[in-house]
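Participant: Letter by letter, the chains look like this.
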Amino acid sequence: MVGAKGPAAKLAMSILARMAEVYGATELMDISAAHIDSTIYIGEAGLEFAERLAGLGAKVAVPTTLNVSGLDEHGWQEWAVPADWAAKAYRQMVAYQSMGCVPTWTCAPYQTDLRPVFGQQIAWGESNAIAFANSVLGARTERYPDLLDICCAITGRVPAVGLHLTENRAGQLLLRLVGVPLALQQDDSFYPVLGHLIGEVAGEQIPVVDGLYARPTEDQLKALGAAAASSGAVALFHIIGVTPEAPTLGAAFQDRQPENVLSVDMGWLRQARSELTTAQGDDLQMVVLGSPHFSIQEFEQLSKLVAGQKAHPQVKFLVTSSRVMVELARRAGFLQSLEDFGGRVTVDTCILASPMLPPDIKLLMTNSGKYAYYAPGMLNTRVTFGSLADCVRSAIAGRVLRDESLWEE
Amino acid sequence: MMRGKVVIPGSAEGEVMVSAEPLSFWGGYDFHTGEIIDRRHPLAGQIATGKILALPFTRGSSTTTAVLLEAVRAGTAPAALLTTGVDSFFALASIVADEMYARPIPLLALKPVDYASLRSGDWIVIREDGGVEVNAEK
Chain A
1 MVGAKGPAAK LAMSILARMA EVYGATELMD ISAAHIDSTI YIGEAGLEFA
51 ERLAGLGAKV AVPTTLNVSG LDEHGWQEWA VPADWAAKAY RQMVAYQSMG
101 CVPTWTCAPY QTDLRPVFGQ QIAWGESNAI AFANSVLGAR TERYPDLLDI
151 CCAITGRVPA VGLHLTENRA GQLLLRLVGV PLALQQDDSF YPVLGHLIGE
201 VAGEQIPVVD GLYARPTEDQ LKALGAAAAS SGAVALFHII GVTPEAPTLG
251 AAFQDRQPEN VLSVDMGWLR QARSELTTAQ GDDLQMVVLG SPHFSIQEFE
301 QLSKLVAGQK AHPQVKFLVT SSRVMVELAR RAGFLQSLED FGGRVTVDTC
351 ILASPMLPPD IKLLMTNSGK YAYYAPGMLN TRVTFGSLAD CVRSAIAGRV
401 LRDESLWEE
Chain B
1 MMRGKVVIPG SAEGEVMVSA EPLSFWGGYD FHTGEIIDRR HPLAGQIATG
51 KILALPFTRG SSTTTAVLLE AVRAGTAPAA LLTTGVDSFF ALASIVADEM
101 YARPIPLLAL KPVDYASLRS GDWIVIREDG GVEVNAEK
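Taken in order, these protein sequences are the chains called A and B. The opening residue of the first sequence carries number 1 in the working numbering; numbering runs sequentially from there. The opening residue of the second sequence carries number 1 in the working numbering; numbering runs sequentially from there.
Please keep in mind that the hints were generated in silico from the structure rather than gathered at the bench. Check before you lean on any hint, since a few could be wrong.
Below are the SDA-like pairs computed for lysine to any residue, each with C-alpha atoms no more than 25 Å apart in a straight line [as the list claims (entries may be wrong)]:
(1) 304/A with 219/A
(2) 111/B with 203/A
(3) 362/A with 30/B
(4) 111/B with 219/A
(5) 10/A with 99/B
(6) 5/B with 160/A
Sample of chain B residues lacking proximity to chain A, with all beta carbon distances greater than 12 Å (derived) [claimed, not checked]:
(7) 32
(8) 123
(9) 131
Now the stretches of chain A that chain B is said to cover, found in silico as 3 or more residues with beta-carbon under 8 Å [unchecked claim]:
(10) 19 to 29
(11) 41 to 51
(12) 126 to 134
(13) 246 to 257
Beta carbons: idealized from backbone N, C-alpha and C, even for Gly.
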């Protein structure tokens, strides 16, 4: 077993070798970075696995970032996290940190110093990060599940299959945007909706979007990928003229014919948008932003929207981000207006990964397709989806307000 | 008798719970109870513990494997899993369940036509060689 030194590497290599067989790989290949999603504390088994590896002296072989953990390491006491649960989640953080990983604790590792580059072979976990790395950066990762990501990091190897290989990165499903106005394409709320739709329709195919004339920002593409990887299994998408492997239709499909062609019109988009809202009426208890974790640009945008305003006293307002991004935002002066507004910031985790929300919170509003997708089932809440500006206006008013002008018939 | 591609070998029998919709176990499977909790999913509200769970593939979150491993440890996992393609997330959970607890979950990939013939409530026997008997005598 090449590369297996010591008992931890042997265990990691044993799992990796069995998985290589499942993938039908004839060989393993080197990677030069990893991102570990197994950090999220789920229960005793995941903790036992992490502590087994750490106890055997596991060390990562490549630069490795860590996904969100189960708690804000230095701020969990301010929330509803039970102390015994926090103790276990913390042990899991310690175990992964002890393996030599960088304690980034973020689901947006592509917005850190360890952002991969075009063509780089990596092993990433976390569905939104996988979609972003492959699609927006042109780095190459399979959809690495929890528990396997760390085995790849320890061995520095992956099965040479799937999205690591050029021939498997060609588009398969062509989605043509038809009659989608430019003003909507430029709006933040368009991207989670399009992503949600793509995830639902793509199945296991690689989707290609044509007809996007706006120039989406990095954060808009991040929102699209996160939504597509929640409602579906999307690990790679191409957008003609936008993403790096899709300068032309021919390039995106590697000169093959699409297996399917579908038109995406406003009617379909409106339906996708309505699916992201599970709440009824305009009652509101809490606004949650930051899935994936807020970037410095998003903090800047938010600080302008909330400047000089106050959230309604009955509405909680939370932004989830990484410790590094929050420190950058603080030093750039973007946090003061948010704090004056009555907003709070949590780092290292999110509302889906940590039992932090008070149990009486049942009605959320968010601009995140991922929060909107998962919160109803995981947190037993009802969610209203809206743009960032809608979320701020609603927090001020104390009830849900949405600007429908861009979505109207 | 139909035959599936053996991804993780093992024998099992039980009532099948089948859906044409993929599922993310993160946010979709409560490992404390074995209940399917994704409200958008057709199987929502049903308990999969000890059943033969048939899902075409796993959706979304890469945490699905961790949730399934917890279910194995907690005794709330399905008795076996049937899919249409080779699902690497289910396979990994089963392999780690084997390495950690010596309790792998049998996993078979069926041909789409065989998968489509499954009906919830059928009694199914899965054999180590990938053979699947439907409505076999209990």
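Participant: Would you mind marking each hint as holding or not holding in the structure?
Facilitator: Okay, the hints, checked on the actual structure:
no.: 1; hint: 304/A with 219/A; verdict: holds, 17 Å
no.: 2; hint: 111/B with 203/A; verdict: holds, 17 Å
no.: 3; hint: 362/A with 30/B; verdict: holds, 19 Å
no.: 4; hint: 111/B with 219/A; verdict: violated, 40 Å
no.: 5; hint: 10/A with 99/B; verdict: holds, 12 Å
no.: 6; hint: 5/B with 160/A; verdict: holds, 21 Å
no.: 7; hint: 32; verdict: violated, 8 Å
no.: 8; hint: 123; verdict: holds, 28 Å
no.: 9; hint: 131; verdict: holds, 20 Å
no.: 10; hint: 19 to 29; verdict: holds (count 4)
no.: 11; hint: 41 to 51; verdict: holds (count 7)
no.: 12; hint: 126 to 134; verdict: holds (count 3)
no.: 13; hint: 246 to 257; verdict: violated (count 0)
Consistency with the previously given hints fails for numbers 4, 7, 13, ordered from lowest to highest.
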